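Under the working numbering, the sequence shown has 62 at position 62, and the numbering climbs by one with no breaks.
Heads up, a few of these hints could be off.
[Claimed, not checked] Capping the alpha-carbon separation at 30 Å, the derived lysine-lysine pairs in DSSO-like fashion look like this:
(1) 7 x 129
(2) 77 x 17
(3) 16 x 77
(4) 4 x 17
(5) 4 x 73
(6) 2 x 113
(7) 125 x 2
(8) 16 x 92
(9) 2 x 73
(10) 4 x 85
(11) 73 x 43
(12) 2 x 92
(13) 97 x 43
(14) 97 x 113
(15) 85 x 7
(16) 16 x 2
(17) 129 x 2
(18) 73 x 7
(19) 7 x 92
(20) 13 x 92
(21) 77 x 43
(22) 4 x 16
(23) 97 x 129
(24) 73 x 13
(25) 43 x 92
(26) 4 x 77
(27) 7 x 77
(28) 2 x 13
(29) 113 x 43
(30) 129 x 13
(31) 7 x 17
(32) 43 x 85
(33) 4 x 92
(34) 113 x 73
(35) 85 x 2
(36) 113 x 4
(37) 4 x 97
The hints are simulated quantities; they were obtained by calculation from the structure and are not laboratory data. As the structure is a computational prediction, the values presented were derived from the model and not from experiment.
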Amino acid sequence: MKVKLTKTNDSYKLMKKWWEGHGFPVIEPNILPESTFICYNDKEVPVYAMCLYNTDSDLCWIGWQISNPEVNKDETKGCFDHLFKAIEIYAKHLEYKVILTTSNTPSVVDTLKSNSYMEGDHNVKHYLKNI
1 MKVKLTKTND
11 SYKLMKKWWE
21 GHGFPVIEPN
31 ILPESTFICY
41 NDKEVPVYAM
51 CLYNTDSDLC
61 WIGWQISNPE
71 VNKDETKGCF
81 DHLFKAIEIY
91 AKHLEYKVIL
101 TTSNTPSVVD
111 TLKSNSYMEG
121 DHNVKHYLKN
131 I
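Using the sequences and the hints given, assemble the complete structure.
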């Protein structure tokens with residue numbers, strides 16, 4: 001398996017297809033950061049994507065984790081964990097000290113915990129306002 005850093009504009013069509021395939025709301029490209037990581041399984045099939053928001057602090061934010069809805073779970077074994085590890089290496093290279101993400105999806109939470117992420121808040125809701 002491998003992880004590739006892409007420009008979000010170059011991987012957006014793929015991510016949009018995956019969001020639609022899962023019946024998730026499609027995130028507009030102007031909301032997404034410049035960088036998206038794509039994880040490929042051993043058959044060179046893209047199986048996961050995750051965005052990285054760069055900041056001007058010691059914290060970076062990862063989000064919009066999405067999987068390829070057309071791939072059998074057996075073909076993704078270990079890939080999600082590998083993606084998180086690759087992003088952590090990249091974030092350290094950029095000298096970030098903290099990675100922040102949010103999720104209440106059990107499989108994502110399990111991967112976060114197995115990679116030593118700590119739960120920061122309990123029962124928090126996110127509030128957004130279009131301006």
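Checked hints:
In summary, the hint linking residue 7 to residue 129 is supported, as the alpha carbons are separated by about 26 Å, within the 30 Å threshold. This hinted pair checks out: residue 77 and residue 17 have alpha carbons roughly 21 Å apart, not beyond 30 Å. For the hint pairing residue 16 with residue 77, the CA-to-CA distance comes to about 23 Å; that is within 30 Å, so the pair holds. Distance hint between residue 4 and residue 17 is fulfilled; the C-alpha atoms sit about 18 Å from each other, no more than 30 Å.
Among the hinted pairs, residue 4 with residue 73 is consistent with the structure: their alpha-carbon atoms are about 20 Å apart, no more than 30 Å. Proposed proximity of residue 2 and residue 113 is supported: the alpha carbons are some 22 Å apart, at most 30 Å. Pair hint residue 125 plus residue 2 does not hold up; C-alpha atoms about 34 Å apart against a cutoff of 30 Å. Pair hint residue 16 plus residue 92 holds up; C-alpha atoms about 29 Å apart against a cutoff of 30 Å.
Between residue 2 and residue 73 the CA atoms are separated by roughly 17 Å; this keeps the pair inside 30 Å, and the hint holds. Pair hint residue 4 plus residue 85 holds up; C-alpha atoms about 12 Å apart against a cutoff of 30 Å. Note on residue 73 and residue 43: the hinted pairing holds, with a Cα-Cα distance of about 13 Å set against a maximum of 30 Å. A distance of roughly 18 Å separates the Cα atoms of residue 2 and residue 92; the hinted pair therefore holds under the 30 Å criterion.
For the hint linking residue 97 to residue 43, the alpha-carbon distance of about 33 Å lies beyond 30 Å, and the restraint is violated. Of the supplied pair hints, the one linking residue 97 and residue 113 holds, its CA atoms being roughly 18 Å apart against a limit of 30 Å. The straight-line distance between the Cα atoms of residue 85 and residue 7 is roughly 19 Å, inside the 30 Å bound, and the hint therefore holds. A threshold of 30 Å between alpha carbons decides the hint, and for residue 16 with residue 2 the separation of about 21 Å falls inside it, so the pair holds.
Under the criterion of a C-alpha separation no larger than 30 Å, the hint pairing residue 129 with residue 2 is inconsistent with the structure, at around 36 Å. For the given pair, residue 73 sits about 26 Å from residue 7 by alpha-carbon distance, which is consistent with the 30 Å threshold. Between residue 7 and residue 92 the alpha-carbon distance is near 19 Å, which keeps this suggested pair within the 30 Å criterion. For the proposed pair residue 13 and residue 92, the alpha carbon gap of about 28 Å is at most 30 Å, so the pair holds.
Taken as a hint, the residue 77 and residue 43 pair is honoured in the structure, with Cα atoms around 12 Å apart against an allowance of 30 Å. A threshold of 30 Å between alpha carbons decides the hint, and for residue 4 with residue 16 the separation of about 18 Å falls inside it, so the pair holds. Our distance criterion of 30 Å between C-alpha atoms is met by residue 97 and residue 129, whose separation comes to about 29 Å. About 22 Å separates the Cα atoms of residue 73 and residue 13, which keeps this hinted pair within 30 Å; it holds.
Straight-line distance between C-alpha atoms of residue 43 and residue 92 comes to about 28 Å, which keeps the hinted pair within the 30 Å bound. Between residue 4 and residue 77 the alpha-carbon distance is near 18 Å, which keeps this suggested pair within the 30 Å criterion. Distance hint between residue 7 and residue 77 is fulfilled; the C-alpha atoms sit about 25 Å from each other, no more than 30 Å. The hinted pair formed by residue 2 and residue 13 meets the criterion: a straight-line CA distance of about 20 Å does not exceed 30 Å.
With a CA separation close to 27 Å, the supplied pair residue 113 and residue 43 stays within the 30 Å bound. For the hint linking residue 129 to residue 13, the alpha-carbon distance of about 25 Å falls within 30 Å, and the restraint holds. Distance restraint check for residue 7 and residue 17: the Cα-Cα separation of roughly 17 Å lies within the 30 Å cut-off, and the hinted pair is therefore satisfied. Under the criterion of a C-alpha separation no larger than 30 Å, the hint pairing residue 43 with residue 85 is consistent with the structure, at around 20 Å.
Taking the CA atoms of residue 4 and residue 92, the gap is near 16 Å; set against the 30 Å cutoff, the hint holds. About 20 Å separates the Cα atoms of residue 113 and residue 73, which keeps this hinted pair within 30 Å; it holds. Simply put, residue 85 and residue 2 have alpha-carbon atoms about 11 Å apart, close enough for the 30 Å limit, and the pair holds. A hinted pair counts as satisfied when its Cα atoms are at most 30 Å apart, and residue 113 with residue 4 qualifies at roughly 23 Å.
Proximity of residue 4 to residue 97 is assessed by CA-CA distance (about 22 Å); at most 30 Å being required, the pair is judged to hold.
Hint compliance for this structure: hints 7, 13, 17 are broken, all remaining hints hold.
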